[in-house]
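Student: These are the residues of each chain, in order.
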Amino acid sequence: MKWKKIEEQFFKALMILSTVVIVASFFLIVGTIVSKGLPSLSWEMLSEIPTGDFYMGGEGGILNSIVGSMYIAVGSSLLALLISLPVVIYINLYLKKSSWMGNLTRLGYDVLFGMPSIVYGAFGFTLMIYLGMKASLLGGIIAVTLLIIPIMVRTMDEVVRSVPKELFEASYSLGATRYETAFVLLKQVAPGIFTAILLAFGRGIGDVASVMFTAGFSNDLPQSLQDPASTLPLAVFNQLSSPVEEVQARAYGAALILTIVVLLISISARMMSKRLSKNKI
Amino acid sequence: MTIATPHISVQNLNLYYGDHHTLKNINIDIPDKKVTSFIGPSGCGKTTLLKTFNRLHDSSLEVRVEGKVLLDGENIYDKNAEVTSIRKKMGLLSQRPFPLPMSIYDNIAYGPRIHGEKDRHKLDEIVERYLKDVALWPEVKDRLKSPASRLSIGQQQRLCLARGLAVEPEIILGDEPTSALDPKSTQKIEELFLELKEKYTIVLVTHILRQARRVSDYVAFVYNGEIVEFGPTEELLLHPKEKLTQDYVKGFFS
Chain A
0 MKWKKIEEQF FKALMILSTV VIVASFFLIV GTIVSKGLPS LSWEMLSEIP
50 TGDFYMGGEG GILNSIVGSM YIAVGSSLLA LLISLPVVIY INLYLKKSSW
100 MGNLTRLGYD VLFGMPSIVY GAFGFTLMIY LGMKASLLGG IIAVTLLIIP
150 IMVRTMDEVV RSVPKELFEA SYSLGATRYE TAFVLLKQVA PGIFTAILLA
200 FGRGIGDVAS VMFTAGFSND LPQSLQDPAS TLPLAVFNQL SSPVEEVQAR
250 AYGAALILTI VVLLISISAR MMSKRLSKNK I
Chain B
0 MTIATPHISV QNLNLYYGDH HTLKNINIDI PDKKVTSFIG PSGCGKTTLL
50 KTFNRLHDSS LEVRVEGKVL LDGENIYDKN AEVTSIRKKM GLLSQRPFPL
100 PMSIYDNIAY GPRIHGEKDR HKLDEIVERY LKDVALWPEV KDRLKSPASR
150 LSIGQQQRLC LARGLAVEPE IILGDEPTSA LDPKSTQKIE ELFLELKEKY
200 TIVLVTHILR QARRVSDYVA FVYNGEIVEF GPTEELLLHP KEKLTQDYVK
250 GFFS
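Sequence lines, in order, name chains A and B. The first sequence begins at 0 in numbering that gives the first Met the number 0 and counts up one residue at a time. The second sequence begins at 0 in numbering that gives the first Met the number 0 and counts up one residue at a time.
Extracted from the complex, chain B is given alone in its bound form (with noise of 0.2 Å):
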């Protein structure tokens, strides 16, 4: 399948972890300001994929990148790539949430400032947008001050996304975001996700094939460190045209 204007392109990416090979010769174009969403069984690479396009592999010594990563037409792996600026161009939410130890005010506030932002007023009006963007403004607006880690873990999540949309990025990038979270948390998840993908690219990585297909606009199957099927949600899930992804989307295997 091809896109006509990718926000990331994916070219002949290989990784192996030590002698592993994790990721074989992916290839893939992720649409700009659409959610789309890699679904796999667990072990299959999406994950260690996800991970790719903001260079978190890089603090390990078994990791071996090899290919290219394109964010707006520049490669990240390129020796010149500035990571930091690859990585404030990506706001990631893991598979639980992680607040930084400090204040509702100070994770929010954490972005902007280690970018140059020391106006107060900034801060505080940054701070108040992103929180109602998540819609937890009404819910911490009395207690900004107070840890973060007092939060409910729904909060936290979506505390998360706010820290991670304050330092203004192009893409988000969801690993099984919703797996530690009630399903009312789910729902507000899922709904900030279809609200977003109107200014953000999104990708996501998800074990829910009923999530995939409520919230994404293409869905990519990997299997086994490939990528075996890419299209649009419907197409792959209701009509997938390869045997593998048939049985997985079925539930044959999991």
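Chain A extracted, bound-state conformation (with noise of 0.2 Å):
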């Protein structure tokens, strides 16, 4: 009795400790960010684009990096939705339980999940040079849907898979096709695909392998999908990587930046996956 009661305590303990490492590293994370970035944090910051000696201290901002970011994250996540999206419901309601065809997807993007944003990065340029396309905000986009539709196809199809099978039967039933049943599907999950959603985003937003080749690096706006573009952690590494202290200083402001914009869209897709799910069942 006695020792049931030491080990019940001791992991109790235990997962106690893991829980407080977790949320600590969080607040330490942030906390070095916030205090090492806010000084350096100003309008002209968000506002202005680098001026020719931005990296060595000169004036400016990092304005083209977060357009250049957002441009690419929203492309790559609204691309990588629209083939994300039917893939899941054909492997889903289409194909017959553990077939074939059915696995061999499955085991296609956890292959495609588990490899380094690099070979992304690698493969979207060599896809380039055979395209002749110059690097791009483009390439930046197609490297980065590349990256982020495993991640996208996995967590829906987790979700999916979870639904329970009366769902579909009840649908199905009333004489409902498949079609019509991935309706009653999508609402089902919606809060589901939200959170795949902004998972994906994430990644793309962050990510710097995939774009570093792919979309160049430009310290103007980018004006069309031709044009190269910057991305937030790409100044965030090339401020960071200068001799000048003030510029370091500045890169901090930029990883504070993307950690707001990040923090902001998983609030507000939490707001959203709730209202969502009032109708689940």
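There could be a bad hint or two in this list.
Capping the alpha-carbon separation at 30 Å, the derived lysine-lysine pairs in DSS-like fashion look like this [stated by the list, open to error]:
| # | chain 1 | residue 1 | chain 2 | residue 2 |
| --- | --- | --- | --- | --- |
| 1 | B | Lys67 | A | Lys95 |
| 2 | B | Lys67 | A | Lys164 |
| 3 | B | Lys121 | A | Lys186 |
| 4 | B | Lys88 | A | Lys96 |
| 5 | B | Lys144 | A | Lys186 |
| 6 | A | Lys273 | B | Lys144 |
| 7 | B | Lys117 | A | Lys186 |
| 8 | A | Lys164 | B | Lys183 |
| 9 | B | Lys144 | A | Lys164 |
| 10 | B | Lys88 | A | Lys186 |
| 11 | A | Lys164 | B | Lys131 |
| 12 | A | Lys96 | B | Lys23 |
| 13 | B | Lys249 | A | Lys164 |
| 14 | A | Lys164 | B | Lys187 |
| 15 | B | Lys78 | A | Lys164 |
| 16 | A | Lys186 | B | Lys140 |
| 17 | B | Lys88 | A | Lys95 |
| 18 | B | Lys240 | B | Lys32 |
| 19 | B | Lys140 | A | Lys273 |
| 20 | B | Lys198 | B | Lys32 |
| 21 | B | Lys183 | B | Lys249 |
| 22 | B | Lys240 | A | Lys164 |
Everything labelled a hint here was simulated from the structure, so no lab data went into it. Keep in mind the model is a prediction, meaning the values are calculated, not measured.
Combine the two chains into a complex, taking the hints into account.
Tutor: Put into structure tokens, the structure is as follows:
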């Protein structure tokens, strides 16, 4: 009896410790970024593009990177959603359970899921050379789309697979086709779909390796899909590599902006998914 | 036992679950506008049999069906059979109620809508009529727009019944439809079945012998994938011919 109690206490303590580590590291990271980034954060930084000697301590801001990141993350999230959603519906509603095609698809995106993002960058780069494209916004969007499709498909597939089969049966037994049933399914899993988009967006906006070669770099705002574009992670990277201390400090400002963007998206998606889940069974 | 005008006629039906021979040479005629119950121990295949009637096994790769199920004389397993129109003819009540993830109103309107009804007034009428048919109308008429998931489980089951009726089926399939319900809700559903059999053919899977006795006109005893005995309720439950049926209805095994 006594031993059981010790066991219980011991493992409870272990779990509390792990939880504290997670929460503490969250606050430590956010704290570091805020304390180091906040002083260098200014309206100028948010609203202006870098001047020529920005990385050596000159005037300007990182508007180019903010805009570039938003374009790439939003564009690739939409593009990835357009591809992922049909895949998930197809393998779950149209293919029979554990068909070889479904299994192959799942194996495929599981492998792609674990692929480092530099591989997508390299693949995108090869693709661009083959197509005769220059490093551009479009190139970046394509590379990031490739990177986040597996994340989206996998997350959505998990959600859809957890839907009880009785829901499908209920719809089918009313004489609904699989296409009509897909809309019922989407209503049921809407919050999960949102989470999937959010995860993919977060990965897309924060990734450096996939856009380094494909999106290129520019101090200007991209005017078209063919223009090269900078991204926030790239801005952080470039400024941190500067020998000038002031510029290094600004890197934390850029990191703070990146964190705030992700946080805002995350919070609004959470609120959205709450509203969407009111009909969920 | 022969039925003069069967609504569903199962002929030499075999069903395999992978290597497992789940339903063995089933032959049964389901009479029109009567309640027929399938009784038998868990895992005997009664639910599997029920689901062959509206081809709900279609989406599993492991299931193979041989033989015929004639609905009004037409084989639903025919290559040219239209599966959605077959299913439209049968309302299904599952073990646990599964409202669609939408409002009470939309749950009922869903079926008519997918079959082409767009007129708002007609849909309003349909919703009201079938909610009244299942005696749910007084309880929900002021909150038709609220999510169906907020209803109690007994109300949800009646909603699911109304949803099934709204596509104007000929047959109601009930897969232990009261097993998740409290006694009062169970009683309501049973009373509904007795009313509904005026207009519909009802096939019920149940493991509650008293329920089979209360609501059904005919009972089939299913055991180990076979129909052991089929007959009028009183006869089968009180004077079974087969030894196996006797043992089951006396409660020697369940």
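Student: Does each hint hold? Answer for all of them.
Tutor: Status of the hints after comparison with the structure:
1. B/Lys67 / A/Lys95: It holds: about 22 Å lies between the C-alpha atoms, which stays within 30 Å.
2. B/Lys67 / A/Lys164: holds (25 Å)
3. B/Lys121 / A/Lys186: Cα-Cα ~24 Å, so holds.
4. B/Lys88 / A/Lys96: Satisfied, since the Cα-Cα distance of roughly 26 Å is no more than 30 Å.
5. B/Lys144 / A/Lys186: The given pair, whose Cα atoms are some 16 Å apart, holds under the 30 Å limit.
6. A/Lys273 / B/Lys144: holds (18 Å)
7. B/Lys117 / A/Lys186: The hint holds at about 20 Å.
8. A/Lys164 / B/Lys183: This hinted pair holds, its Cα atoms lying about 27 Å apart.
9. B/Lys144 / A/Lys164: Status holds; Cα separation ~25 Å.
10. B/Lys88 / A/Lys186: Within the cut-off at roughly 25 Å; holds.
11. A/Lys164 / B/Lys131: With Cα atoms ~29 Å apart, A/Lys164 and B/Lys131 stay inside 30 Å; holds.
12. A/Lys96 / B/Lys23: Given pair A/Lys96, B/Lys23 holds - Cα atoms ~24 Å apart, limit 30 Å.
13. B/Lys249 / A/Lys164: With a Cα-Cα distance of about 35 Å, the restraint between B/Lys249 and A/Lys164 is violated, given a limit of 30 Å.
14. A/Lys164 / B/Lys187: With a Cα-Cα distance of about 26 Å, the restraint between A/Lys164 and B/Lys187 holds, given a limit of 30 Å.
15. B/Lys78 / A/Lys164: holds (25 Å)
16. A/Lys186 / B/Lys140: holds (24 Å)
17. B/Lys88 / A/Lys95: holds (24 Å)
18. B/Lys240 / B/Lys32: holds (26 Å)
19. B/Lys140 / A/Lys273: Satisfied, since the Cα-Cα distance of roughly 26 Å is no more than 30 Å.
20. B/Lys198 / B/Lys32: holds (6 Å)
21. B/Lys183 / B/Lys249: holds (26 Å)
22. B/Lys240 / A/Lys164: violated (39 Å)
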